[in-house]
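Since chain A is already given, all that's left is putting chain B on it; use the hints.
Read off the chains here:
Number of protein chains: 2
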Amino acid sequence: MHIDIALLGFGNVARALARLLVRKTDTLREEAGLTYRVTGIATHSRGFAIDPDGLDLEAALRLVEAGQKLDSLHKGPPVADTLALIAACPADLVMEATWLNPQTGQPATDYVRAALAAGRHVVTANKGPVAFAYRELMELARRQDRGFFFESTVMDGAPVLGMGREAFLATTIERIRGILNSTTNYVLTRLEQGVSFDDAVAEAQQIGVAEADPSNDLEGWDATVKTVVLANVLMGADLRPADVDRTGITGLTSADLKAALDAGERVKLLCEAVREGDQVRASVRPARLPLSDPLSQVDQTSSAITFQTDTLHRLTLIEGDTDPTTTAYGMLVDMINIARGRYK
Amino acid sequence: MHIDIALLGFGNVARALARLLVRKTDTLREEAGLTYRVTGIATHSRGFAIDPDGLDLEAALRLVEAGQKLDSLHKGPPVADTLALIAACPADLVMEATWLNPQTGQPATDYVRAALAAGRHVVTANKGPVAFAYRELMELARRQDRGFFFESTVMDGAPVLGMGREAFLATTIERIRGILNSTTNYVLTRLEQGVSFDDAVAEAQQIGVAEADPSNDLEGWDATVKTVVLANVLMGADLRPADVDRTGITGLTSADLKAALDAGERVKLLCEAVREGDQVRASVRPARLPLSDPLSQVDQTSSAITFQTDTLHRLTLIEGDTDPTTTAYGMLVDMINIARGRYK
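The listed protein sequences correspond, in order, to chains A and B.
Under this note's numbering, think of the first position of the first sequence as 1, with each following residue one higher.
Under this note's numbering, think of the first position of the second sequence as 1, with each following residue one higher.
This is chain A alone, in the form it adopts within the complex (with noise of 0.2 Å):
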């Protein structure tokens, strides 16, 4: 099987996925049959490629961080845009990791709508088009019988919608509660040590954890988009991130944190999406974990799950030491497993 892979956004997910794809390439023929070319590039700032005989991804990668434009491997006419580049690109995966404004989910809903409406399958690593659209975009998959998965969405490359997909059969998901935002855990970590809160949030984003404005993380908002893919994919909810009880964690203090020590807690940004009879009740909140919940465990920038369904009473996933080729492996697990038909 060969794959024609159009790229939307180059920036430190998707670089990190060009790299693996180089790296992977004879493993990928060799264990899954799977060669590709990479058809197209988009980029917010440095220009458009395509080349239908493929581009040369190395080369690609040294324009881009030598801080020039990809314009140089374009073959055939302009391109004006990255919805322009969508229609003009030959391929049979769009593979999507731009930026993204989480209280709209766009442009990268856009993007996946005109990508599946072109008969093309989906993977994104943005959360966006999930919290916002999901069964529109699901049920345009589902017509246009292509893939559209969404893996590295939730706790990076970890297999969590997988599982949902793979290992979650004839069973109902009560209960999912997790700690899925770097930031806020990180900071909460470092406000246990006696770092003040300001403090704290600067060393995050020193450290490339948090972004130059780190509200959308401190106040939950990553968080509760999160939480509503999850509560859509697999407990058949069909939330907004309007929908969710959200509480970020400015106002807690150094000694918040060591008072809950001192009585066996930690506080934890949980989230939190819980079956009550038809509805799906989701919230986002600073919560007080007593230290035998492996969830109290999980510090600086790690993030989990625990999943509570009728038939494992108590199912929990930790992924540490992410980095941007995690994220990138789980949108190549979404390629393979799309090439194999696990979406039909």
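To be clear, the hints were calculated from the coordinates, so they are not data collected in a lab.
Hints may be right or wrong, so weigh each one.
[Stated by the list, open to error] Examples of chain B residues toward chain A, derived with CB under 8 Å:
| hint | residue |
| --- | --- |
| 1 | V22 |
| 2 | K24 |
| 3 | G157 |
| 4 | A158 |
| 5 | G162 |
| 6 | M163 |
| 7 | I207 |
| 8 | V209 |
| 9 | E211 |
| 10 | T311 |
| 11 | R314 |
| 12 | I318 |
| 13 | G320 |
| 14 | I336 |
Quantities reported herein were computed from a predicted structural model and do not represent experimental measurements.
For glycine and all other residues, C-beta sits at the position ideal for the given N, C-alpha and C.
Just chain B now, with coordinates in the frame of chain A:
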């Protein structure tokens, strides 16, 4: 799709499976388009029953739980033993949960071989056939174009092997570390709390975690067989239990465990499989783990595995609150995955 099932064994796990099948009949039909009948049951001491039109599972459960034999449900010529039932019972799938000799893998290995040779799919909860004959049985299943699944052999219903099949793709597992045996983990937890070794073992027997002869668990044999399953199935090794560097927990005292705790560590029976060049080296032995290691937090009868691959640096799966239904659920998931062709 319709599946006729032969059940081998009718102990705690197989009876939990029978009850789960009854409970999930509607769900299987509605969610997986799957109907089933149980056409045969082979027991150790309660006789044999075959009915090509489908046995009444609830009647079979009532008989055995009342201490009676299954013979009144049987139709057709008498059945001499389990191998004869495998040959005579019209079934698409054999689900196997018989008693196992952990040092030989028998008689389960013979049952699985006979079932595959007769063209049946096989789901087993027995580690033995996988630890002693994985390559041979998998090759036989491939030749027969049949599924041979065994999710419940390690960590009950947790999707450990499913993750290997569906989520660890184009990646190399470098190291697996696990806490996989309930009896030893229960005893170690109680030693830490000041209970003596003999009292802790007696307690484990009383609550049904340890068997009357607990040496198979305490000397690390059960953990060793599970480690071999993981190494052979997920890391491509070809080990046998005798190849594992094995040390049990007999000889450990409450004082040893408390000394470790004072040093910020906990003693666990650690299972490990490590890739070293072309080889996989496996060991089972008591180890002191720092409290920051999620495996150190696995208490009582919970179990856990940490995977380290070349793309996922640290992924941990923890299962708590297990019971025979959890194990049975792993078998049900295997059945559904066979029905939807995941073995191809």
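Do the hints match the structure? See the list:
Taking 8 Å as the C-beta cut-off, the interface hint given for V22(B) is violated, the closest approach to chain A being about 13 Å. Hint status for K24(B) relative to chain A: holds, with the closest Cβ pair at about 5 Å, below 8 Å. Given hint, G157(B) at the interface with chain A, holds; its Cβ is 5 Å from that chain's nearest Cβ, closer than 8 Å. Interface hint status for A158(B): upheld, as the beta-carbon distance to the closest one in chain A is roughly 6 Å, under 8 Å.
The beta carbon of G162(B) comes within 5 Å of a beta carbon in chain A, closer than 8 Å, and the hint placing it at the interface holds. Interface restraint check for M163(B): the shortest CB-CB distance to chain A comes to about 6 Å, inside 8 Å, so the restraint holds. The beta carbon of I207(B) is not positioned within 8 Å of any beta carbon in chain A (closest approach about 16 Å), and the interface hint is therefore violated. For V209(B), the suggested interface contact is broken, since its CB lies about 16 Å from the closest CB of chain A, more than 8 Å.
Checking E211(B) against chain A by beta carbon gives a least distance of about 23 Å; that is not within 8 Å, so the hint is violated. Taking 8 Å as the C-beta cut-off, the interface hint given for T311(B) holds, the closest approach to chain A being about 4 Å. For R314(B), the interface hint holds, since its Cβ comes within 8 Å of a Cβ in chain A; the closest pair sits about 4 Å apart. The criterion of a C-beta within 8 Å of any C-beta in chain A is met by I318(B), whose closest approach is roughly 4 Å, and the hint holds.
A distance limit of 8 Å between C-beta atoms decides the matter here; for G320(B) the minimum to chain A is near 4 Å, and the interface restraint holds. Here the hint on I336(B) is kept, as its CB sits about 5 Å from the closest CB of chain A, short of 8 Å.
In the structure shown, a violation is registered for the earlier hints numbered 1, 7, 8 and 9, in ascending order.
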